[in-house]
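The listed protein sequences derive, respectively, from chains G and S. Sequence positions in the first sequence follow this note's numbering and run 1 to 212. Sequence positions in the second sequence follow this note's numbering and run 1 to 310.
What the hints contain is simulated information worked out from the structure, not anything from laboratory work. Take every hint as true, because none was put in to throw you off.
For the chain S half of the interface with chain G, some residues (derived, Cβ under 8 Å), not all of them:
#1 61
#2 92
#3 108
#4 148
Pairs of lysine to any residue residues, derived as SDA-like cross-links and limited to a Cα-Cα distance of at most 20 Å, are as follows:
#5 S:246 with G:197
#6 S:219 with S:71
#7 S:246 with S:96
#8 S:285 with G:147
#9 S:285 with G:155
#10 G:125 with G:177
#11 S:66 with G:39
#12 S:285 with G:175
#13 S:111 with G:196
#14 S:219 with G:199
Glycine is no exception: its CB is placed at the ideal position from the N, C-alpha and C atoms.
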Amino acid sequence: MKREWGGIVFSLGLAVVLAGTGVLLVLDGLREPSWPDDRRFSREETSSRLNREEVRMPEVELAMATGETGPDGQPVMQTCAECHADRRPNPHARSISSKGFHAGMDYHHGAQSCLTCHDMKNYDKLHTVAGRPLSMSNSLKLCSQCHVFQHRDFVDGVHGGMSGHWDLTRGGRQRQTCIDCHDPHHPATPPVEAEPPPVLVRGETEPEEKTP
Amino acid sequence: MKPVCACHAKPGAISRRTALKGAGAMLGAAAFAKALAPLANWAREELTVEEFVQKHYRELDAEGLKQVLARHERSALEDYGAEVTIGDHRPREGVVFGYALNLGVCIGCRKCVEACHRENNHDRPGRGSYIRVLEMEKGSMDLEKGNARYEGLVPREGRFYLPVQCHQCEHPPCVDVCPVEATWREDDGIVVVDYDWCIGCRYCEAACPYHARKFNWRKPAIPKDEINPDQSYLGNRIRPAGVIEKCHFCLHRTREGRLPACLEACPTGARVFGNLLDPSSAVRKVIDHRRVYVLKEELGLKPNFFYFFD
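Only chain G is shown next, with the shape it has when bound in the complex (with noise of 0.2 Å):
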């Protein structure tokens, strides 16, 4: 009688030690690890001056090749402003001809003539919609005239993309213009070759074939 009794405490107070560990080790699974002193957050100082957003300048080569050869042997270079000063402008071309002097230019841009976008005063030049010349570089400008909305989100940072910072209290960002990404006479992105597929390793499934 007496050791039962003992047995039956003994076993209930077994029984009351492990739950306690149990408890004990799932409390502190569940415990959530805390941060020490200031670890949380960066510590790093902030500061209120800004750096400069840049968008990238076009270098544009104005002097081509006529197709004729000097006395040195070397091809006579010309401007497009020296060559085109004995031309008569032609307000009207909306193509180029295959066999003319700007052969091999693809043009597609809307139903626009040439001269919507360069000048004829000065072949060197672009003009705004207003008449006034522009740099042959300041084509972001130009675009923008007609573009208004991807103008706007270009200056909003949401066209065109970025590369540098998000935060400019830390660090400049670069832009690229217009013409980095959309040739002005055949703007529309053309296809490009996609990098390769991912490949399987060992024991990985493909993830569309899982059951979501």
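Mind docking chain S on chain G? Use the hints.
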């Protein structure tokens, strides 16, 4: 040589199972679960005593952390011959990161996939990356129907391209299922993995509705001169085999104010990144002024990754 059990372990190395026999009673439930991980014993290489007793990342003090980082830098040198710097990049107060992607201009070129592959020290033969690009039928937004294996010239007629990476959810189901708290959401919204604490149980991988988590089946093979030496503990440091990894919004860059590698690599400018708490940021311009889409919105996970069409 990977020992399959403790009795084959090299001297000085200790498997979680051996350690458990002696020290089991002193360890918390988390460590207990960690020791029982089914895959840890074969996929992960054996741990040294130092590694085994390492505290949880969040509980390390400055000195302890320094030692851990130094140890990982040493092993990068020993295993890969590469001199790397492993930093501890922490969030800033007042910053929550958001990403928006313009599906109207994405052409599916996979330049982002490639940039991630290089930036984040992924296994070269496995072509690992945290981004998958799905080729989708126009009109469908069901990512289970996307094709990730397309090749050749893009974009194709009648298709659009949906790049998918970790959505850094506000209510991440992957975090909830982790039995050992090896993954959590940080104050800037980035969901991180402590590769030293992960036991490779893959519950989180199954829990992610975007299939954005990946199991590291083998130790990454990367030629020495291709290793990105600019690394972070919770970010792009070279992961051991047998742990889970995922996109961390390039925290080694973004927490220093820089843009993520995938964004810089995008030739179309489809990717927009920034601080959701700053109303003048590019990403807020998208969210405030556009109609934005969230994948599998009905799940209520509140991702910080948004899609829009021009």
